[in-house]
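Trainee: Going down the list, the sequences are from chains F and G. Using our numbering, you'd call the opening residue of the first sequence number 1 and step up by one each time. Using our numbering, you'd call the opening residue of the second sequence number 362 and step up by one each time.
No lab work stands behind these hints: they were computed from the structure. Owing to the predicted nature of the structure, the values given are computational and were not obtained by experimental measurement. No false leads were mixed into what you were given.
Pulled a few chain G residues facing chain F out of the computed Cβ check, cut under 10 Å:
hint : residue
1    : M432
2    : K433
3    : S448
4    : P451
5    : R463
6    : G467
7    : W468
8    : V470
9    : A491
10   : R510
11   : A511
Backbone N, C-alpha and C fix where the C-beta goes; we use that ideal spot for every residue, glycine too.
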Amino acid sequence: MLDMQTQAKTDALRKADARERRKKILFPVFGLVLLSFFAVLAASWGAASITTMDVVRSVLAKLFPFTGIKATPLADTIVWNLRLPRIAMASVAGAGFAVSGAAMQGIMRNPLVSPFTIGISSGAGFGASLAIVLGVGVFSGGQYLIIGNAFFFALLAAGLVYGVARFRGVTPETLILGGIALMYLFSASTSMLQYLASEQQLQGVVFWLFGSLASATWQSLAVVSLVFLLCCPLIVKYAWDLNALATGDEVALSLGINAARVRLVAMILASLITATIICFTGIIGFVCLVAPHITRMVIGSDHRFLIPFAAIVGALLLLAADTAGRTLFAPAELPVGIVTAYIGVPMFLYLLITRRRQYFQ
Amino acid sequence: MSIQVDNLHFNYGKTTVLGDITLQVTDGEIVSLVGPNGAGKSTLLKCMNRILKPSRGTVRVDGQDIRAMEMKRMARLFGYVPQTTISAFPATVFDTVLLGRRPYVGWTVGDEHREIVYDMLIKMDLDHLALRQFNALSGGEQQRALIARALVQEPRVLLLDEPTSNLDLKHQLEVLDHVVDIVKQKGVSVLMAIHDLNLAAQYSDRLVFLKKSRIVMSGTPAETLLPRTIRTVYDVDAIVNHDADHPHIVPRRVVKETPLQMVK
Numbered sequence: 001m002l003d004m005q006t007q008a009k010t011d012a013l014r015k016a017d018a019r020e021r022r023k024k025i026l027f028p029v030f031g032l033v034l035l036s037f038f039a040v041l042a043a044s045w046g047a048a049s050i051t052t053m054d055v056v057r058s059v060l061a062k063l064f065p066f067t068g069i070k071a072t073p074l075a076d077t078i079v080w081n082l083r084l085p086r087i088a089m090a091s092v093a094g095a096g097f098a099v100s101g102a103a104m105q106g107i108m109r110n111p112l113v114s115p116f117t118i119g120i121s122s123g124a125g126f127g128a129s130l131a132i133v134l135g136v137g138v139f140s141g142g143q144y145l146i147i148g149n150a151f152f153f154a155l156l157a158a159g160l161v162y163g164v165a166r167f168r169g170v171t172p173e174t175l176i177l178g179g180i181a182l183m184y185l186f187s188a189s190t191s192m193l194q195y196l197a198s199e200q201q202l203q204g205v206v207f208w209l210f211g212s213l214a215s216a217t218w219q220s221l222a223v224v225s226l227v228f229l230l231c232c233p234l235i236v237k238y239a240w241d242l243n244a245l246a247t248g249d250e251v252a253l254s255l256g257i258n259a260a261r262v263r264l265v266a267m268i269l270a271s272l273i274t275a276t277i278i279c280f281t282g283i284i285g286f287v288c289l290v291a292p293h294i295t296r297m298v299i300g301s302d303h304r305f306l307i308p309f310a311a312i313v314g315a316l317l318l319l320a321a322d323t324a325g326r327t328l329f330a331p332a333e334l335p336v337g338i339v340t341a342y343i344g345v346p347m348f349l350y351l352l353i354t355r356r357r358q359y360f361q
Numbered sequence: 362m363s364i365q366v367d368n369l370h371f372n373y374g375k376t377t378v379l380g381d382i383t384l385q386v387t388d389g390e391i392v393s394l395v396g397p398n399g400a401g402k403s404t405l406l407k408c409m410n411r412i413l414k415p416s417r418g419t420v421r422v423d424g425q426d427i428r429a430m431e432m433k434r435m436a437r438l439f440g441y442v443p444q445t446t447i448s449a450f451p452a453t454v455f456d457t458v459l460l461g462r463r464p465y466v467g468w469t470v471g472d473e474h475r476e477i478v479y480d481m482l483i484k485m486d487l488d489h490l491a492l493r494q495f496n497a498l499s500g501g502e503q504q505r506a507l508i509a510r511a512l513v514q515e516p517r518v519l520l521l522d523e524p525t526s527n528l529d530l531k532h533q534l535e536v537l538d539h540v541v542d543i544v545k546q547k548g549v550s551v552l553m554a555i556h557d558l559n560l561a562a563q564y565s566d567r568l569v570f571l572k573k574s575r576i577v578m579s580g581t582p583a584e585t586l587l588p589r590t591i592r593t594v595y596d597v598d599a600i601v602n603h604d605a606d607h608p609h610i611v612p613r614r615v616v617k618e619t620p621l622q623m624v625k
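Modelling step: build the complete structure from the supplied sequences, incorporating the hints.
Mentor: Printed below as a string of structure tokens:
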């Protein structure tokens, strides 16, 4: 009798567990379909009007030349030279932001942090300003001056924060406080440069700090994608350890996980992804903060599923923001950094207010 | 599985938190660490599975020094239940307990591991809460979930840090009953830090009294739980009743501090 009861309970658990697991697979698949669908739509919206069918034809013609599908040269140019690199960049950048955000929140055990918390964005902003205003940089030369500088200073900021934290033990608290301190330092330095800049330089700095995907090219996309594809699987590989870290270092240690090493590796990977993206796009906030939260609400906080799905959610979010910024007031364009903040902040506040109990209880 | 601790010291900077600790826990034994706040109970627990690294001394498990052990192997030998747990992100009870299988699984979790989790959830009376958020559970339920997580590690030794501190009377007994049941069934040794002397006496085979970083006395509850011990360790005058199955103390009042050497 007792055995039958236990058997019934086990069966119920098995069923509930299977249902949960199905959900964790189905949502990402659904998200991916939604993303591709939305990408095609986004390619057909914009200042120059082409139809959705033009886009589909142009994409199919290029990808499957043997089918004999033909597209107009105008549609080809708009789709392949202007819109697709930008759409792809929005997706990859959004995914990268979301993944690094989820990883940083995991290792810091804090739902309010992002890679920007450890000074990456302010470092990048300072590096870019340095190149724009004073024309000096760590990598000499031309078009790569701003990109190289932004990348270098972004990583420098992360490295400094980690170095400072090492004095007192690398805990979430030391990293976050060190990051905030450094953020102020770099922001002040950027302001100083803005103060010294000529009008034209100032415009350049401000535009860079807004963030924009307008200058996305296939080349920059290739670089960002490469770094993302190298780092993201490594973060996913550490998913279990991130789950354990969320419950505290002591518990992680007792489960056989080297908390300090996981924290360092995840931080390096997240910093690398973020720095690579923002050196090409400028500072685009909030995707890295909000995308992981939306994802958690849908499929829970097991990082094995959270990180891949967050990538899709981040891609959708940034693509939506960029498309809105590009099309709402076409031919004028709102910088994507502004639009993400307008979408991200209310969403974030909503989460903060309604989800408080679960996060901070 | 027996644990042998020899001459263990732990310093935090210049402060000695543990000095010259020697103790053993034999197979299937339940040993409680008792003593005033700050005596070093939690620290001693954490030295067992190298969450903290002792400054000096050794901890051996069946003769093997834990310093030579891989982290993963240690995680299969020791299950640790912390005093307080924050779950930074909402995780279900199932996922919380599943984490205990970490030392055994790769990236994916095979069905055999899931079955172990199902069984433990049922044993700890948590199955109806499996998909609830851990943070939304009551104190007693949370404690049971954390113990379940440590037990699915299939440890040979269970380390419990104040397992009853946030619980009401009924849940204190319930949690400890669960522990004793499973522990006796599987022959797991238990080392727990606990404040409540009466609970300690009721559930432990042996008590180890710590005061000011040192062990001042150890033995069975009947041997050690005497007015003299309570006075020395806690500076409290107490009456000890022996009419139940185990000694029961009734604290009376605080007295002037007793010098340590008077115990011997």
